[in-house]
Amino acid sequence: MPAGYKYMEDLLERFFDGETSNEEEKQLYHYFAQPDIPEHLRHYKPVFNYFEKRLEGELKGRTEPFRPVVQTGRKPGSYWITVMVGVVASILILLMVRPLFPGDDDKFNPYEGSYIIRNGERITDINIIKPELEATLQKVLQQEERMNRMLMYLTEPEDQFDLIGQSIANQRESIINAFPDDIKKEVRKIIGM
Amino acid sequence: MKTKKLIMVAIILIAGSFSSELLAQETLKALVQKCENMENVDMSIIRKKNEKREVTRVTISINLNNNPALINEFIAAFEKDREMADREIENRKNGKMNDIYYTFGDVSYSFSQAYDQSATITVIEKRKDD
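From first to last, the protein sequence lines stand for chains A and B.
Going by the working numbering, the letters in the first sequence line up with residues 1 to 193, in that order.
Going by the working numbering, the letters in the second sequence line up with residues 1 to 130, in that order.
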């Protein structure tokens, strides 16, 4: 059995045209069940794995005896196989492409869960209330700043007196240190240090 | 026995510190909740989230217009919870309460009354850094 990937590509093309025999389809299932498949064919692997599993399931679940079907031109199941392949391929493509185009659900909204109450009515639609929320936040920020300024104003004098006292002490020390040692002692005695 | 007693004391102290923080703003918290069900009160509840979708800050703003009874109720609630506040600022003009600002740990409550008798109450709860 020729198992080169060129042969498989040809089989694949015929498979999607619905022209493959049962034997050839089995070859495809076996081929795609292998672990090492060329990179450009790898995305077909889940499709064929799905069909192989489905086929196995159907065979296991079949209760009536197998009746051979005489093929006349186009295979009877090939239309549905093509439809199923199309559906599965579309789902796979959607799954692959979706991260590139984030939808509304994926958009992060920092105000998620916020709401406003107007005249007893609760409004939760962020798109409607967002401007109002931002305006309220702005007002709250201003009020917070006003309160902080007030707090600073009320606590500032104590801190300022401490700072002034410390500054005077430092200046006094530097003046005393500028004198000779004997005078320094006298000065310290006089000011009681 | 001694270790058990020490552990018990530690648990009681920890539980006490938590409960005192909860009780600290009990009256104000209850009044804010009551406002949510009142028809003549405008409120905004803003839950600010970070990029990890964690709530970092909850801000509640209540606007009271032509509602002197509720304004007085709020002033009384502030008075009641004052003892438990970490920081408090009150600003009165001619005997009328203009501004109140209390903090209870990471929660702050402020009240501001305008000349037209309207008032705004703001609650800010900081939960996480932005």
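Misleading hints may appear alongside valid ones.
[To be verified] To spell it out: a stretch of chain B is covered by chain A in this simulated footprint if at least three of its residues, at any positions, have a beta carbon under 8 Å from a beta carbon of chain A; those stretches are: (1) 40-46; (2) 50-56; (3) 71-82; (4) 86-95; (5) 118-128.
It should be emphasised that the hints constitute simulated quantities derived from the structure, not laboratory data.
Fair warning: this is a prediction, and the values are worked out from it, not measured in the lab.
In this text, a Cβ means the ideal position worked out from N, Cα and C, and glycines have one as well.
List in ascending order the numbers of the hints, as given earlier, that are violated by the structure. Hint 3 alone not satisfied by this model.
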